[in-house]
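Chemist: Following the hints, position chain B against chain A.
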Amino acid sequence: MELFIQVVVSGLLLGGVYALLSVGLTLIFGVVRIINFAHGELMMMAMYLTYWLFHVHHIDPYLSILIVAPALFLVGMGVQRFIIQPIFDSSALMKIFVTVGLFIALQNLALMLFKADFRTIQTSYSMATLDVAAISISVPRLVAFGFALGLLSGLYLLLKLTLVGKAMRAVAENRVVAQLMGIRVQRLYLITFGMGSALTGIAGALLLPFTYVFPTVGGIYTLLAFVVVVLGGLGNMAGAFLGGLFIGLVESFSGFYVSPALKEAVYFVIFILILLVRPQGLFGVGKGTEEVGLK
Amino acid sequence: MMKRCSVLGMIIGLLLISGFVEMALSQPVRIGALYPVSGSLALLGDESWRGAEIARVMKNQKGGVAGKQVEFVKVDIPDVSAAKSEAERLINREGLKLLTGTYSSSLCLAASEVAARAGIIYFEQGGIADQITARGYKTLLRSCPKAQYFSRSQIQFARDFVAPKIGKKPNEIRVALVHEDSAYGSSISKNVEAEAKTGGVQLVSVIPYNKDAVDLSSVILKLKNDKPDVVIGVSYANDAILLGRQAKELRLDIKAFIGTGGGHSLTSFQQALGTAAEGVLNVDFTQFEVNTKFTPGLKEFVEMYRKMFNEPPRSGHSLANFSGTNILFDLLEKTGGNMEAGKFRQTAAAVEQKSGSTASGWGVKFDDSGQNIFADTFIMQWRGGKLVTVYPEGPAVMTPLLEAPFSK
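Heads up: the protein sequence lines correspond to chains A and B, in order.
All residue numbers for the first sequence refer to our numbering, where the first residue is 931 and numbers rise by one.
All residue numbers for the second sequence refer to our numbering, where the first residue is 456 and numbers rise by one.
What the hints contain is simulated information worked out from the structure, not anything from laboratory work.
Worth double-checking, as some hints may not be accurate.
[As the list claims (entries may be wrong)] Straight-line C-alpha distance at most 27 Å; calculated DSSO-like pairs for lysine-lysine:
| id | chain 1 | residue 1 | chain 2 | residue 2 |
| --- | --- | --- | --- | --- |
| 1 | B | 529 | A | 1045 |
| 2 | B | 789 | B | 809 |
| 3 | B | 809 | B | 517 |
| 4 | B | 748 | B | 652 |
| 5 | B | 517 | B | 841 |
| 6 | B | 789 | A | 1045 |
[To be verified] A few chain A residues that face chain B, going by a derived Cβ cut-off under 7 Å, partial list only:
| id | residue |
| --- | --- |
| 7 | 940 |
| 8 | 1012 |
| 9 | 1052 |
| 10 | 1054 |
| 11 | 1150 |
| 12 | 1185 |
Small disclaimer: the values here were computed from a predicted structure and weren't measured.
Just so you know, even glycine gets a beta-carbon here, dropped at the ideal spot from N, CA and C.
Excised from the complex, chain A in its bound form:
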């Protein structure tokens, strides 16, 4: 019984991590529908930045969010302005190729700069746990869980309550009409991409205390984030959170009861099955949201 509860707790904590790493993608891909295959590479950049800030300047990873998030905001705006904007009117496929190209370029740049070494940092709380009866809860993972919940709620409120949020939703719904209504679409895309990247940066900084970074780490995160966002339903913040938790739990249970080597296979099979039945994702709002690509 104890072990069962531990499996559930570990799954939920892992789900929190997955939700966290897909927050940025939820905004960029889920809301504004820019397919960004370089998502994981932005995360990798954030993790390296956090690593060097800790290693050279001894800045705590949690504190370094104050530097990493603005830095990634600028990077994100740069990517949008100089890479995506120039090909904005070409097909969605073209944009996929461009971000895939960016992903390969960033990965190889990192390989050249940092070599293929795995880098970890050791903070006082890296392996800290909260113990409730016989159940142990990893502190940095709990923090990640909390941030995932907080950031997604914040994003939800932003989209629902603010003018910028409303504009974002309008652009997602129909770019041309939004422009006709006086929304400065280009600028909005800049802000959105910047914000999404900053959120990804925060995730990177929060993940580093208990994981590691290496130049090709991004691919793993990109795949996970896409699965979480699509499963949860595009543009649905609660969906992204629950989607993350769902995959975390599936992974934890299949790892424990089936085999750790098969857990990825198990959640991908479930992922495919769910999309067959509900193409709009578990919590998708309905028709039309399953469509991928720019309008």
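Modeler: Chain B only, in chain A's frame:
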């Protein structure tokens, strides 16, 4: 006129002959040395090469092999196709009669196949894949331990050291295996299963996992469920760290954890885990924290290494190749410099030197497959931030400490 010509011819002839004699006398023993010194295998490939080079320099200082100086024709083999083509070039163009190397098993498999086809001796010093000596080549010799020996040491340690310490009979001790599921981990897992069977210990669980996994908590929880006394791990760098961290977080309660080279031997593992790495065991090639009485020549090797490369050795790979190259030179001495494959293998088969007779603590005895069956692997333990040899007694500098790993 005629006379003058013939005198001149005679002088020229004499000069030529004396030149040939001179050349024949001082002709060095030429050996092809194939190592990856660029590309992804470069670091440890180069480290391996350094060990061989030190052995050569030291040998030449003492007068060389069979009265001749030894020369390496060094080639870089960053990948399998280079290994093939360079081995061909060394044999066909350079006319070499003996090749050595290679650090990486896959490179060795490719290069030694070329040598086998040409009927030339290939002397492997670093590749550990069991397959290398399982192909039945009569031209192959391997000085270093093969993969199977790593698993054998781990099972022996669990049965002969851990079991009595915790008051269990050898057949009562519970061993679990956790391995990453690429070719590296999967091949070792087969060996562990086989060795557990022959060693008569219970293997209570075999848990494969993906080395790129973001989370390994389910591996640890499975272990908690199966309650092993000893866990054998096969990991790369990052997954070894993740596994260690989550073992600590989830309070895995075991008596001993034994890694299999790989991630558990790296300083990055110790740095990332800090005190939690304390007590983790690892089986590997001989390292430098070892009883020097059991490793004659180790001190001289380390001194020479510092002198030649201005830094301490970067890993045990140099030592393995230093020992291997010395074994090779001893064999050449015995054949009088003759490199003909049949004669060389025959000479090698007759040699028997006990464990503890080389700088790496290995003995020398080649079996029919060409494997040095006295190439032992030792168990090391992280103690005070250092990987120290603890088992068996001969090379050990400390006694193994059985305290729960990943607990501090």
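Chemist: Each of the hints needs a verdict: does it hold here or not?
Modeler: We went through each hint and held it up to the structure:
For the hint linking residue 529 of chain B to residue 1045 of chain A, the alpha-carbon distance of about 26 Å falls within 27 Å, and the restraint holds. A hinted pair counts as satisfied when its Cα atoms are at most 27 Å apart, and residue 789 of chain B with residue 809 of chain B qualifies at roughly 18 Å. Straight-line distance between C-alpha atoms of residue 809 of chain B and residue 517 of chain B comes to about 24 Å, which keeps the hinted pair within the 27 Å bound. As the CA atoms of residue 748 of chain B and residue 652 of chain B are separated by approximately 34 Å, the hinted pair breaks the 27 Å bound.
Simply put, residue 517 of chain B and residue 841 of chain B have alpha-carbon atoms about 34 Å apart, too far for the 27 Å limit, and the pair is violated. Proposed proximity of residue 789 of chain B and residue 1045 of chain A is contradicted: the alpha carbons are some 45 Å apart, above 27 Å. The criterion of a C-beta within 7 Å of any C-beta in chain B is met by residue 940 of chain A, whose closest approach is roughly 4 Å, and the hint holds. Residue-level restraint check for residue 1012 of chain A is violated (minimum Cβ-Cβ distance to chain B is 31 Å; threshold 7 Å).
Nearest Cβ of chain B to the Cβ of residue 1052 of chain A: about 6 Å, under the 7 Å cut. The hint holds. Given hint, residue 1054 of chain A at the interface with chain B, is violated; its Cβ is 10 Å from that chain's nearest Cβ, farther than 7 Å. The beta carbon of residue 1150 of chain A is positioned within 7 Å of a beta carbon in chain B (closest approach about 6 Å), and the interface hint is therefore held. Hint status for residue 1185 of chain A relative to chain B: holds, with the closest Cβ pair at about 3 Å, below 7 Å.
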